[in-house]
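Protein chains in written order, with full-length UniProt numbering: chain Y, 1 to 341; chain F, 1 to 341; chain B, 1 to 341; chain V, 1 to 341.
Treat the hints with care, as some may be off.
Which copy is meant is left open, because identical chains are indistinguishable; a pair holds if it fits in one copy or across any two.
[Claimed, not checked] Below, a list of computed lysine to any residue pairs in the SDA-like style, where the Cα atoms sit at most 25 Å apart:
id : residue 1 : residue 2
1  : K141      : Y276
2  : K17       : V162
3  : K17       : E278
4  : K17       : G205
5  : K141      : G236
6  : K141      : D275
7  : K141      : D206
8  : K17       : T271
These are computed hints drawn from the structure, not numbers from a lab.
Each chain, written out:
Protein chains: 4
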Amino acid sequence: MTHGPDDLGVAVIGTGKMGADHVRRIEETVSGARVTAVVDVDRGRAEAVASRIDGCAVHTDPAAAMASPDVDAVIVASPGPAHEGALMAAFAHDLPVLCEKPLTPDPAAALRVVEAECSLGRRRIQVGFMRRYDAEYARLKALPDTGRLGRPLLLHNRHRNVASPPGWTSAMLIEDSVSHEMDVTRWLLGHEITAVTVHTPTPSGDAPDGVRDPQFVVFETDGGAVVDVEIFVNCGFGYQVQAEVVCERGTARVGDGHALVTQTAGHWGGTIAQDYLERFADAYDREVQAWVDATRRGEVTGPSAWDGYAVAAVSAAGVRALTEGGRVPVELAERPALYGT
Amino acid sequence: MTHGPDDLGVAVIGTGKMGADHVRRIEETVSGARVTAVVDVDRGRAEAVASRIDGCAVHTDPAAAMASPDVDAVIVASPGPAHEGALMAAFAHDLPVLCEKPLTPDPAAALRVVEAECSLGRRRIQVGFMRRYDAEYARLKALPDTGRLGRPLLLHNRHRNVASPPGWTSAMLIEDSVSHEMDVTRWLLGHEITAVTVHTPTPSGDAPDGVRDPQFVVFETDGGAVVDVEIFVNCGFGYQVQAEVVCERGTARVGDGHALVTQTAGHWGGTIAQDYLERFADAYDREVQAWVDATRRGEVTGPSAWDGYAVAAVSAAGVRALTEGGRVPVELAERPALYGT
Amino acid sequence: MTHGPDDLGVAVIGTGKMGADHVRRIEETVSGARVTAVVDVDRGRAEAVASRIDGCAVHTDPAAAMASPDVDAVIVASPGPAHEGALMAAFAHDLPVLCEKPLTPDPAAALRVVEAECSLGRRRIQVGFMRRYDAEYARLKALPDTGRLGRPLLLHNRHRNVASPPGWTSAMLIEDSVSHEMDVTRWLLGHEITAVTVHTPTPSGDAPDGVRDPQFVVFETDGGAVVDVEIFVNCGFGYQVQAEVVCERGTARVGDGHALVTQTAGHWGGTIAQDYLERFADAYDREVQAWVDATRRGEVTGPSAWDGYAVAAVSAAGVRALTEGGRVPVELAERPALYGT
Amino acid sequence: MTHGPDDLGVAVIGTGKMGADHVRRIEETVSGARVTAVVDVDRGRAEAVASRIDGCAVHTDPAAAMASPDVDAVIVASPGPAHEGALMAAFAHDLPVLCEKPLTPDPAAALRVVEAECSLGRRRIQVGFMRRYDAEYARLKALPDTGRLGRPLLLHNRHRNVASPPGWTSAMLIEDSVSHEMDVTRWLLGHEITAVTVHTPTPSGDAPDGVRDPQFVVFETDGGAVVDVEIFVNCGFGYQVQAEVVCERGTARVGDGHALVTQTAGHWGGTIAQDYLERFADAYDREVQAWVDATRRGEVTGPSAWDGYAVAAVSAAGVRALTEGGRVPVELAERPALYGT
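Just chain Y, with the same shape it has in the complex (with noise of 0.2 Å):
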């Protein structure tokens, strides 16, 4: 699939897991944009996830990536410790960066891009902390503003993975998953965190020799908050998020299976779509693309006009049983050999 001349050009700095996920979404699904050059320190790695898009460059050093003129802003999915790099040169090309989590593994080295970016006087870049554009928290973000449930007093956190990759460490526990509800805390109450402490129970016989999970961490904040976060990455039984806002005078909670459930005033629950468009709105979005790509491909898939035709048939057998009363049988005609058997 090709793209227009007005398209985002962007170079995906690290193509594993996450980079390579990156490169499938901006081709498949992401409007507007187009994958024009990979960089990896493993160049075969690289030209696999290359060949499949056409006009797209191999690199191996991100800095000549971003030289080329086909590429207008870069993804950066490497490794930590090479991220430092990877954004000082996107500065110098002033390019603008969606940059996974962690921004640098080590506070000095966050602080050393920070200043970079305030000296260029602008901003540059995104970090990845995608769980703002989960449609879950973003509902939680929504609640508390209005200002119904008062103040938020606390704020309980359940993050679990079925298992941890080889090699996790017990600081990873926090530095790696527990992060993401430190950028969780601080988005959905506007607080700083003031101060850390970390209970540990006994490991699960699950966990890996000598790594402390699960653990459990508890924040407090410069607005009098307290945030807890149970963070078990070897629970066996799923990938699992949940956050739980305990404001003034209700509580809101995401992640148990529901969409955002509500406690305040005597009551649980949740809300209701008021419109087919809000209801449906990602079926008509996956409807409409899985037409355009069929139709791209020279194919017609989908619901087709034998489908229309015998829901017309029912209809009208329907409208009859409504206006004279009893069962009304079904006629159809023939089923053509076009629409299969």
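We have chain Y already, so just place chains F, B and V on it with the hints.
Relative to chain Y, chains F, B and V alone:
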């Protein structure tokens, strides 16, 4: 925003609520297509929609739009009685069509469309039964296929709207609303509907004068299933669609605020995601689309480098709390003006 | 366990599954009554039940039991065809009766019972439609009465059993199972049922040969409501009873794992208890009953003084942690042997 | 209502909210016991309670009540500081006691009680930790014992009240409220609590002046578990108690509107009852108790013989609809005046 020469050029016929939404969808959300023409008998309405799109032609006659070399495919979103003409024109120009439901309002016209498509010898039409693309229905469809629950015996449906549009009649509850459940029945069960019975309670006091609302519709199918549909288009409280398949050894339902819930062998419940790319797939899509859109506007929004630094600083404190025990205060540098206050 | 002279002396007619359970209930759970006689055509079965109760007589003829001065009231739990005779005998002895459903299996006999009670000039019979005493149904009944939801229009019911007993017939699904929903319809809506339609899908492969299971039954009522009942007595996965009343401006349902859930004005949800005596009413009842039962057996069970001490010690540490900050260790005395290890 | 000579004669010490509720419970709900004495320093309050009970003595001194031959057992529901004296008196009279929590407010007094009971050489005291008798907690307790979920690692608790009584202090949140979770921790996990940390957010604006509400309490246990408790006694919206045990391979929780919900191996959900005696056990209990109570008052309430007849008539119509097909009207006899209109 402009598009590439290989994008699919789409003519949208009808620029009412549904047609205008499809135009917006193709321009903002769908990858690989652009709107090259809009058609409406109300030329002013078509022009208002086209004015926001570079190089989008305006027509009052579908056939004129279809004659353009910029038009590769057609979306039909005009009123039902106009569908047959538009579809025949598309056949004449050999263009693929996504046709909003109903295919045509009456079975005889629908059968003429089917026969014309059969004369072409290949499928050109996809009908807009978009529930097949809804994530919940897709899971419901996937499940009974596994055979774990046995053969489907009953299918219970609820279909509720806040209020019906002006001019809605008793027959339109069947033709326009329950037609979705007719397609769901045929698609989900793979059965044809063989008979219809309609039960009508005393209408709600909130129904327009003379409109029988709600109705309770029962289908029989050639696969021996019984299907019931509550249709209630002036329920006042929300737009709601629910379905429960009752099989020989269990049930599965969607639409009551949870994702798919099954009941089998003494247990009720649902599944838990196994991976963050699965759980947060939509969030990643929205994140990258938002970043692309902002970048093309020359802006940077979303989580900032400062947010990345703050999380790195809290992470470092957290790791100290883990390794040294006790409560560890967090020290942040002063926040630069670039990142607001 | 013996009882006081003013306890109600109850004769239980029929000592099958239901009758034996009523005997156990009166002896162990109900306050103010005792079983003074049991009756069964199978004398051995009656004797086995009576042998566990002080001073409980055994009869094979209901009338003989009713003649005893120790019998103040009667529970009829014999097979349906035997009910008419037992009820007429109770009338003859002017005894109040709790009669398991059905009152009688056929309407003519039921009408004779009604006429005989009318001749007495006062009510003697309560029929065992126990769903009226279920906490969930009671909340469902309470709600529509408030008028907030408007007039009831539809009532959806599900009624599922794991497997039917041997000899269960297609007609028994109506007479023995759906009869509960007949009572629920009449009690909940306050309407009489005016017509019945039965839809039968192809039977489940797990239904006994020749039994039409499941069935889908539709009632019309003199209040203009339409009521549907799914009855499925070989569903395999559980015993399940659900009901949803659809009113003009909202719905209320019970039986899907939650307590009462309502939908109205854009929201779905339930209520939250306001008091611990409300939330834990059943726990207090069970606690005190358990203590009384153990005490009468000369035993002490349940939480011990040691448990009380341990909690007092933790409380004291907790108050120190609150007032002084930080982590406060808990010191317990050595646990005496009296309280186990 | 009078009772038999073998009923347990109970003295209730303290006739405040809790004591009066126990008196009502024993008289109306519990089988095999009666209240033979009430004790309160406020004699008038005790007399008001006793006046509704035949043969119930009134005392202001617990020991005087215990000296009566009519007193077989004691419930202590007086204020906490009075417990030690009442318990020692009960030991002196060798009477079994159900003692409301706290056993005593301070650990030293509690230890004296323990030592006194050990001197007796046998248990006399049950402490009123009634959550052990709650159906939901009982299911939670039953579950982890099975070993399917593995060893418990974390226990999350929520404990919320609408509003605290006048005079409630920050320490009472620990001593009076969280003491329930101390018992739940010890009973559910079978661990002793070894350390306590208390985190206090800025108090809610709805908390009384100077009261730190909510609080977030963390326990460590000798079994290596970490337990957290949100205590919030002025949350405004309801009385709510929730608990989630996080084990090595799954979690189980109660208190969020469902019955027990487990998460394990990719699934969340609960169990479905297998039998109507299980599902409707409480309804049967209430039905028979209501019938006994009405009968003893000389009344007949509940479903009538007319209700039984009406259902028999609808059943007969239903069976005809099943066997003959179509819609069958229901014909009822005229309703006799005895059954109202």
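Going back to the hint list, which numbers does this structure go against?
-> Per hint list: single violation, 4.
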